[in-house]
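**Student:** Sequence:
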Amino acid sequence: MMHGPCGEACPTNVCMRDGQCKNHYPKEFSDVTIHAEGAYPCYRRRNNGQSVRVHNIPLDNRWVIPYCPYLLAKFDCHINVEICSDIKLVKYLYKYIYKGHDKASYQVTTNGSDDTYDEIQAYQAARYICAPEAMWRIFAFPMSEICPPVIALPVHLPDHQPLRFGLHQPLEQVLQNPLSSKTMLTEFFYMNSHDPDAKRLKLLYKEFPENFVWNPTQRKWSLRKKQTVVGRLSTVSPFEGERYFERLLLMHVRCPTSFDSLRSIGSGIIGSFRDAAVFRGLLESDDYADNCLAEAAFYQMPCSLRKLFALLLVYGICGSPQSLWDKYYVSMSEDFSRTNTLNASEVLRRTIMTIDNFLVSMDRSLSEFSLHFPIAYNSVRNRISREYEFEQNMYVSEEDRLSVNLLNTHQKIAYKKVVSRIISGNGGAFFVDGPGGTGKTFLYRALLAFVRSRNNIALAVATSGVAASLLPGGRTAHSRFKLPFNSEDKSVGSVSKQSSLAKMIVEAELIVWDEATMANRYSIDALDKMLQDLCDCRSLFGGKVVLFGGDFRQTLPIVVRGGREAMIAASIVSSSIWSSVVKLRLHENMRAKEDPAFVSYLMRIGNGEEPILFDDNIAIPRSLYIPFVNAEESLNQLIDCVFPSLLDFRMDPYSFINRAILTPKNDCVEEINDLLINRYPGVAKEYVSFNSTIDSTQQGEYEDYLNGVSVGGLPPHLLNLKVNSPIMLLRNLNPVEGLCNGTRLICKELGDNFIGAEIAVGEFKGNHVFIPRIPLECTDKLKCPISFKRMQFPVRPCFAMTINKAQGQTLDYVGVYLRQPVFSHGQLYVALSRARNSNSVKILIHPVPGKVSEQGLTKNIVYPEIFMLAQGPFFFVCNVQENAYSFLCQFNLFPCCIVSSCV
Numbered sequence: 001m002m003h004g005p006c007g008e009a010c011p012t013n014v015c016m017r018d019g020q021c022k023n024h025y026p027k028e029f030s031d032v033t034i035h036a037e038g039a040y041p042c043y044r045r046r047n048n049g050q051s052v053r054v055h056n057i058p059l060d061n062r063w064v065i066p067y068c069p070y071l072l073a074k075f076d077c078h079i080n081v082e083i084c085s086d087i088k089l090v091k092y093l094y095k096y097i098y099k100g101h102d103k104a105s106y107q108v109t110t111n112g113s114d115d116t117y118d119e120i121q122a123y124q125a126a127r128y129i130c131a132p133e134a135m136w137r138i139f140a141f142p143m144s145e146i147c148p149p150v151i152a153l154p155v156h157l158p159d160h161q162p163l164r165f166g167l168h169q170p171l172e173q174v175l176q177n178p179l180s181s182k183t184m185l186t187e188f189f190y191m192n193s194h195d196p197d198a199k200r201l202k203l204l205y206k207e208f209p210e211n212f213v214w215n216p217t218q219r220k221w222s223l224r225k226k227q228t229v230v231g232r233l234s235t236v237s238p239f240e241g242e243r244y245f246e247r248l249l250l251m252h253v254r255c256p257t258s259f260d261s262l263r264s265i266g267s268g269i270i271g272s273f274r275d276a277a278v279f280r281g282l283l284e285s286d287d288y289a290d291n292c293l294a295e296a297a298f299y300q301m302p303c304s305l306r307k308l309f310a311l312l313l314v315y316g317i318c319g320s321p322q323s324l325w326d327k328y329y330v331s332m333s334e335d336f337s338r339t340n341t342l343n344a345s346e347v348l349r350r351t352i353m354t355i356d357n358f359l360v361s362m363d364r365s366l367s368e369f370s371l372h373f374p375i376a377y378n379s380v381r382n383r384i385s386r387e388y389e390f391e392q393n394m395y396v397s398e399e400d401r402l403s404v405n406l407l408n409t410h411q412k413i414a415y416k417k418v419v420s421r422i423i424s425g426n427g428g429a430f431f432v433d434g435p436g437g438t439g440k441t442f443l444y445r446a447l448l449a450f451v452r453s454r455n456n457i458a459l460a461v462a463t464s465g466v467a468a469s470l471l472p473g474g475r476t477a478h479s480r481f482k483l484p485f486n487s488e489d490k491s492v493g494s495v496s497k498q499s500s501l502a503k504m505i506v507e508a509e510l511i512v513w514d515e516a517t518m519a520n521r522y523s524i525d526a527l528d529k530m531l532q533d534l535c536d537c538r539s540l541f542g543g544k545v546v547l548f549g550g551d552f553r554q555t556l557p558i559v560v561r562g563g564r565e566a567m568i569a570a571s572i573v574s575s576s577i578w579s580s581v582v583k584l585r586l587h588e589n590m591r592a593k594e595d596p597a598f599v600s601y602l603m604r605i606g607n608g609e610e611p612i613l614f615d616d617n618i619a620i621p622r623s624l625y626i627p628f629v630n631a632e633e634s635l636n637q638l639i640d641c642v643f644p645s646l647l648d649f650r651m652d653p654y655s656f657i658n659r660a661i662l663t664p665k666n667d668c669v670e671e672i673n674d675l676l677i678n679r680y681p682g683v684a685k686e687y688v689s690f691n692s693t694i695d696s697t698q699q700g701e702y703e704d705y706l707n708g709v710s711v712g713g714l715p716p717h718l719l720n721l722k723v724n725s726p727i728m729l730l731r732n733l734n735p736v737e738g739l740c741n742g743t744r745l746i747c748k749e750l751g752d753n754f755i756g757a758e759i760a761v762g763e764f765k766g767n768h769v770f771i772p773r774i775p776l777e778c779t780d781k782l783k784c785p786i787s788f789k790r791m792q793f794p795v796r797p798c799f800a801m802t803i804n805k806a807q808g809q810t811l812d813y814v815g816v817y818l819r820q821p822v823f824s825h826g827q828l829y830v831a832l833s834r835a836r837n838s839n840s841v842k843i844l845i846h847p848v849p850g851k852v853s854e855q856g857l858t859k860n861i862v863y864p865e866i867f868m869l870a871q872g873p874f875f876f877v878c879n880v881q882e883n884a885y886s887f888l889c890q891f892n893l894f895p896c897c898i899v900s901s902c903v
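According to full-length UniProt numbering, numbering within the sequence shown proceeds without interruption in unit steps and concludes at 903.
I should point out that these hints are in silico values taken from the structure, not numbers from a laboratory.
Please read these numbers as outputs of a predicted model, since none were measured by experiment.
Warning: the hint list may mix true and false statements.
[Stated by the list, open to error] Dumping the calculated DSS-like pairs for lysine-lysine here, alpha-carbon to alpha-carbon at most 27 Å:
#  : residue 1 : residue 2
1  : 789       : 482
2  : 412       : 583
3  : 748       : 327
4  : 182       : 202
5  : 202       : 220
6  : 789       : 91
7  : 665       : 412
8  : 789       : 765
9  : 482       : 497
10 : 225       : 202
11 : 226       : 202
12 : 22        : 91
13 : 95        : 22
14 : 503       : 529
15 : 593       : 583
16 : 199       : 91
17 : 722       : 665
18 : 593       : 412
19 : 206       : 225
20 : 91        : 206
21 : 722       : 202
22 : 789       : 685
23 : 199       : 226
24 : 497       : 529
25 : 27        : 95
26 : 202       : 685
27 : 225       : 199
28 : 206       : 99
29 : 74        : 103
30 : 91        : 103
31 : 220       : 206
All chains should be built: construct the whole structure from the sequences, respecting the hints.
**Tutor:** Here you go:
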């Protein structure tokens, strides 16, 4: 089935609207089917070079309409088949299924009547039932069916349940009927207080229909065998007041026995459902900032308390900053006031300046908030940026100073070339290419130490937060250079020439960007334009010495559209930049040098040279994988290998911070983290997020959906933590103090309004910090179709992490959990290369459902084109059918010579 021709080829086609095809043909080429931003996916349309001629116009795969041959043959008609993937489709579909019967309106008139015609009385509205529907109803066949069944559960306030009675039935008779006042909710309370099974199960209201069935005639619940039934509470708008807060409690309080038990806290009863929800942490309190500071002040850590106060100011959580300052000033200045040499004015001045320091590192200042002090002070922002000062006075450890003496041959060559450019001041761009474990990070640290030991500025950034935490003073590239997050945004960035950040960048002698192969090409281009603008120099990167590093065997940038070709193109910078970059290569694997056989195996995996068996799978050595028995038993065996004794780890949490289970997708990460946090010794603390839609009118409709949604980059709705458990930060709270996206910490205090933690890795290891709840927004329609804000602690457990998140790390023990095969270039290589030897890695592979497969087989996705493109001038060996020439022309990736393997 072909669409067209239309457009310029046939502007008179019926599909044309205002010079555009209303069906958006022709479509783009794509190697795989991917979900698009709107309601329809972007279907696979391979560029296989084949075409047909319609009306003497060539049409290829871009003009093919999605269709089902079976349906076409069965019904002998024109049927398009496209999948709608938007969440709003459900509402749209069910609106038509349950809108009710067809209706007919008519009027009755009397022929030849001279009476006054009354339109209101004559108008009639009736149901219209056709003959097939009438027969269907006569035989009592089901009109619709939902799988799994959904049970609507009413929510009402005490003594506000609805009563049903006849038109002429006396109200006294209705009130005397004991069944009249019974509802699903009241009987739910009754069962929890009288039924032993309900007491034992301790169910939520929405879980009750899974184990009990409602009898509408007798109006009571009765036990049944557990089955898949979905209980859904009635939708209640936040504007309904107490009924909304009662519903919120019913969603989270287990086994309540009455309306009063929902409001009971300990031995007392709180006056309203709203107050009870606030007390249980289910609703954001108006006094959250006050409660947070009061609880944190109990631990008597003035420095951490000042940082917490600054965070509350930055994220707009403080309703009245002045009242909080007056109330907690004594606690925040306690360490200064203990010094006998300082008078009251100096204590106040130091407290103010310290807090202002924290704010400036987050691009804010005390002068921006409604705070008044009895003394005058000069804002840090008006003098010098704390971040700039921090980079100027960066401490260089003795280990990093001496690391130059420990470089191997290839590292020394790279070191000397970069240093010579720094000393000469000529500038230049370098790219360090080396497999995982060849000591790229060690080389970076040596170069950073060289520049900083001369009291000059060197900036260290990385694409991922975890990789940035391994570098002294490391930051993510987007946060350091204010680069756009949208991969399609080709703007320069948002660094003002008059800012202290611009001054710091201009004075920097060296910029190191680790894991640059993970960054989209537009980020590199944006950095080039920004440096040229700030330095007033048209040379490459503004004449700066810029060192990129990475490994094209590892994961490439994830792009939403365009498939494999776009992903490859997004990982290579523009030809004008790439041709000017000096390539430096490291070959010797320092991480796994004691296991040369493992190094050789890793290189075959990374280069795509491991033999392919049937169904595009490779074989994993028997010593590396765990035989699959069943999902639960095999996963337990993997967990036991990575975390052999959780009790020992609880006593010394730093001993296992470098152990992790890696998996391709976020849903598996959450499953493993939940499983391990439940096994971890200690009492769990549960934190419930406050989710609110950006459009307040959608709150009641989508609240349950938002509570269940899990979006990458956001903490979960239900966050369970235990003391001494490992967590990972999900936001850049204060990079100067080591609080970056990807920083790993150890929980020390779990308060109701804050989390006290110690930084577990990097140069800030051991620093104590307080982390509050902050508002986190999700406006990406691809991650969640509903724009919403989640108020939650920006952390999650880090027993497990995605493979992409682990890139750049060296781990003591690695578990790889492949419930689904890897889906992107280099993921299997990245997962395996995190370990130092073959004895420190185990892989669990789930068999593919519906297929009989042998143990130890999995996919290894490698795009060999990327290795050729990364070299600069090269010979590209390919098959003619791969159409390499057109691919290279499309993305302007030259120079090259093409040699066909068929010749």
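**Student:** Would you mind marking each hint as holding or not holding in the structure?
**Tutor:** Right, here's what the structure says about each hint:
Between the alpha carbons of residue 789 and residue 482 the distance comes to roughly 22 Å, so the proposed pair stays at or under 27 Å and holds. For the hint linking residue 412 to residue 583, the alpha-carbon distance of about 14 Å falls within 27 Å, and the restraint holds. Restraint check: the Cα-Cα separation between residue 748 and residue 327 comes to about 26 Å, which is no more than 27 Å; the hinted pair holds. At most 27 Å may separate the alpha-carbon atoms for a hinted pair to count; residue 182 and residue 202 meet this at roughly 21 Å.
For the proposed pair residue 202 and residue 220, the alpha carbon gap of about 18 Å is at most 27 Å, so the pair holds. As the CA atoms of residue 789 and residue 91 are separated by approximately 22 Å, the hinted pair is consistent with the 27 Å bound. Taking the CA atoms of residue 665 and residue 412, the gap is about 38 Å. The hint is violated against a cut of 27 Å. Between residue 789 and residue 765 the alpha-carbon distance is near 31 Å, which puts this suggested pair outside the 27 Å criterion.
Between residue 482 and residue 497, the direct Cα distance comes to roughly 13 Å. Compliance with the 27 Å bound is thereby established for this hinted pair. The hinted pair formed by residue 225 and residue 202 meets the criterion: a straight-line CA distance of about 16 Å does not exceed 27 Å. At most 27 Å may separate the alpha-carbon atoms for a hinted pair to count; residue 226 and residue 202 meet this at roughly 14 Å. Only pairs whose Cα atoms come within 27 Å are accepted, and residue 22 paired with residue 91 is accepted, the gap being roughly 24 Å.
Taking the CA atoms of residue 95 and residue 22, the gap is near 26 Å; set against the 27 Å cutoff, the hint holds. Between residue 503 and residue 529 the alpha-carbon distance is near 16 Å, which keeps this suggested pair within the 27 Å criterion. As the CA atoms of residue 593 and residue 583 are separated by approximately 24 Å, the hinted pair is consistent with the 27 Å bound. Simply put, residue 199 and residue 91 have alpha-carbon atoms about 36 Å apart, too far for the 27 Å limit, and the pair is violated.
Between residue 722 and residue 665, the direct Cα distance comes to roughly 24 Å. Compliance with the 27 Å bound is thereby established for this hinted pair. Between the alpha carbons of residue 593 and residue 412 the distance comes to roughly 18 Å, so the proposed pair stays at or under 27 Å and holds. About 16 Å separates the Cα atoms of residue 206 and residue 225, which keeps this hinted pair within 27 Å; it holds. For the hint pairing residue 91 with residue 206, the CA-to-CA distance comes to about 21 Å; that is within 27 Å, so the pair holds.
About 23 Å separates the Cα atoms of residue 722 and residue 202, which keeps this hinted pair within 27 Å; it holds. Pair hint residue 789 plus residue 685 holds up; C-alpha atoms about 23 Å apart against a cutoff of 27 Å. With a CA separation close to 16 Å, the supplied pair residue 199 and residue 226 stays within the 27 Å bound. Distance check on the hinted pair: residue 497 and residue 529 sit about 13 Å apart at the alpha-carbon level, within 27 Å; holds.
Between residue 27 and residue 95, the direct Cα distance comes to roughly 31 Å. Violation of the 27 Å bound is thereby established for this hinted pair. Restraint check for residue 202 and residue 685: the C-alpha separation of about 19 Å stays at or below 27 Å, so the hint holds. Restraint check for residue 225 and residue 199: satisfied, since their Cα atoms lie roughly 16 Å apart, inside the 27 Å limit. Distance hint between residue 206 and residue 99 is fulfilled; the C-alpha atoms sit about 25 Å from each other, no more than 27 Å.
The suggested pairing of residue 74 with residue 103 is violated, with an alpha-carbon distance near 32 Å, which exceeds 27 Å. Restraint check for residue 91 and residue 103: satisfied, since their Cα atoms lie roughly 22 Å apart, inside the 27 Å limit. Distance restraint check for residue 220 and residue 206: the Cα-Cα separation of roughly 16 Å lies within the 27 Å cut-off, and the hinted pair is therefore satisfied.
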